[in-house]
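Novice: Single-letter residue listing:
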Amino acid sequence: MIDFRPYLAGAGLALFGLAWVPLSGVLPRTAEPPQPAVLDAYYNLAAQQSITLRSLFTEVPALDEAGMKERAAGHYEMVCADCHGSPLRPPQQFSRNLSPTPPLLVERMAQWHPPARIFATLKHGISRTAMPGWPSQLRDDEVWDMVAFLQTLPDLNANSYASLIREDATGSCESCHGVEGQGGIPGTPRLDIQTPDYLAAALKAFRNGSRQSGTMMAAARQLSDGEINQLAEHYGRNVAQRGTGTPAEAAAIAQNGIPERDIPACASCHNNPARPGYPKLDGQDPAYLLGQLKLFKEHREERGGPNAHIMAEVVRFLEEDEMKALAEWYGR
Amino acid sequence: MHKSCVPFNTPAREYMGQAGRTWTGNACRFSLLALTAVWLAGCNTEQSALHPAGQDAAELADLFWFMTAIGAVVWCVFMGAAVYAILGKKAPRSEKFADRLVFFGGVVFPTIGLAALLVVGLALLPSWAEADTPDLRVHVTAEQFWWRIAYEAEDGTLVETANELHLPNGATAEFALTSTDVIHSFWIPPLGGKMDAIPGRTNVLRLEPTKEGVYRGVCAEFCGTSHALMAFPVVVHEAGEFNAWLEQQRQPARPAPGREAFDAAGCGACHIVRGISEEGAVGPDLTHFGSRRTIGAGTLPLTEANLEDWLIAPEHIKPGVRMPSFATLPDQDREAIVQFLLELK
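Here the protein sequences line up with chains L and P, keeping their order.
Going by my numbering, the first sequence opens with residue 1, and the numbers climb by one from there.
Going by my numbering, the second sequence opens with residue 1001, and the numbers climb by one from there.
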């Protein structure tokens, strides 16, 4: 029998030594006065290296697709600009009192690269700073939108930035979803074709965090029940729309499904006027539809929303080219 | 030291005394035996290969009893020989006796015994050459975790149903078995042997029920999480009764109240109810669902409460089922769907 007592005593002493430093309160963890520059540099180096390590095997998608930077611009203005500033206005004063101080991205973005590192920073955030990770860890597509936007940020002046975030729009819904909720930015859904029931359920799912979207979670968390119902009534106009109806192969899937591959018809649920809780697809933005189909297939019910578990079964055997065809067929 | 940790060199007597030849140990053993007997007696005859209700099953049961009897005789002879060798006369036998014993006991007896078993076994093999047309053809497609069943009517049309098999008594039924996903196996123990259902291939099995009654068929090849819940009731009718049943199954469903709720929830995307909703051939056909005995391929008896539970949480009742939960439906819609389905007689 080995005598463990000396080891236990040693471990106890070591723990006491470790605990003493924070317990005594002598360790400086205050933001005012800010931490010394040498500590800043030390933590910064660690953050840089940790970001680099996490970005090593990241596959970078195309960053010049239509709508990417427009989709992110509104989120930047709503969430990021307070701390990082924008071509239109400097950051809020409170952010200058943070320690470490958030960088002014209009000036600093030009020096930051490559895209994979920017992606890792946005997705995971940086500990011991005020930089949070992306609100939804399932929506890499949104993070890449933001990377695409940030890469163009140094080239934007006040005017081009203002037009990108649609500064003239009243209210934050309109800047992305269009003045009448008719959409406009590729990949952003139009709202006017939906019923108020559907829109209210979607906003509530974003607000409680069950439906995944960093942008919409940030937007919906500011809303009360009353505001949600008001917005749903305002935008959910149930406008009848016809899709373009091409390509033809999609029509067969939409109307009859592919029963031998266990793919039911889209129209069984989505054209049904008696079921106001299911979204309308006719006339919806094709890029948005394709994005949602991919989310259902990749994340199944974790994509969130009251009926995601049903769609998860529906898209299970749908191939990507079929998803594209369906998105185009339903799209305007 | 724990009682069960006995060193390998402990003398047997000591070991037995230590591990269990105690009053409680004996009582435990005895009650376990008694329980097993009760449990075996409780075996359900509806899924028993030893209570044959079909031609093949009867032959298989005969073969089983024949082999068991032969096995019992062989066992008794050998045990007798062993006991005799231990307790019998201590004086050595002559070399001639030993030679004869080895020759007759080790060569002649096994040759004759095994040949007899082979003859009986071969005689039971189905006669493939004899290709008379069966009285009924049934197409069975196994899917995770249910059975798509289609009867070939006399005019060649198919009458589709699911998860419940009906057969006429005394008629040969030919099953064309296939699968859409993984290998399953179609087995109705009281009616006959099992046959695999293999994707991309059609296997043919013939069965001839000889006794009316309700039996239970099962999937006999592990096929996924709910393999054990992939069963189906088998109802063997008198021939006339069967024809009436088939004729009734051939009819489209009568419109029933609650149809709007069924449509609105999108049930028709996956389920066909002939005459009402005909586009979704993904899941089981529900045309005459209300006339069936079970929900979820033999998983639960068909009752109003069970059906409602099934709509709310199918995954909890049958893990891995493709049917999504409809817990998010308003209660009155779900109740309307339940009533509608029960009305589909």
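Do not take every clue at face value.
Computed, partial: chain L to chain P, Cβ under 10 Å [claimed, not checked]:
id, residue
1, Asp-82
2, His-84
3, Leu-88
4, Gln-92
5, Arg-261
6, Asp-262
7, Cys-266
8, Cys-269
9, Arg-275
10, Gly-277
11, Val-314
Simulated from the structure, these hints should not be mistaken for laboratory data.
Idealized CB from N, CA, C, for every residue including glycine.
Novice: Next step is simple, just say for each hint if it's right about the structure.
Specialist: Here is what the structure says about each hint:
1. A hinted interface residue such as L:Asp-82 counts as satisfied when its beta carbon comes closer than 10 Å to some beta carbon of chain P; here the least separation is about 37 Å, so the hint is violated.
2. Interface restraint check for L:His-84: the shortest CB-CB distance to chain P comes to about 40 Å, outside 10 Å, so the restraint is violated.
3. The interface hint given for L:Leu-88 is broken, as the beta carbon of that residue sits about 43 Å from the closest beta carbon of chain P, more than 10 Å.
4. With a least beta-carbon distance of about 41 Å to chain P, the hint placing L:Gln-92 at the interface is violated under the 10 Å criterion.
5. Here the hint on L:Arg-261 is kept, as its CB sits about 9 Å from the closest CB of chain P, short of 10 Å.
6. The beta carbon of L:Asp-262 comes within 5 Å of a beta carbon in chain P, closer than 10 Å, and the hint placing it at the interface holds.
7. With 10 Å as the threshold, the beta carbon of L:Cys-266 comes within range of chain P, its nearest partner Cβ sitting at about 8 Å, so the hint holds.
8. Among the interface hints, the one on L:Cys-269 holds; its C-beta lies about 3 Å from the nearest C-beta in chain P, closer than the 10 Å criterion.
9. Satisfaction of the interface hint for L:Arg-275 is found here, the shortest Cβ-Cβ separation to chain P being roughly 4 Å, below the 10 Å cut-off.
10. The beta carbon of L:Gly-277 is positioned within 10 Å of a beta carbon in chain P (closest approach about 8 Å), and the interface hint is therefore held.
11. Here the hint on L:Val-314 is kept, as its CB sits about 7 Å from the closest CB of chain P, short of 10 Å.
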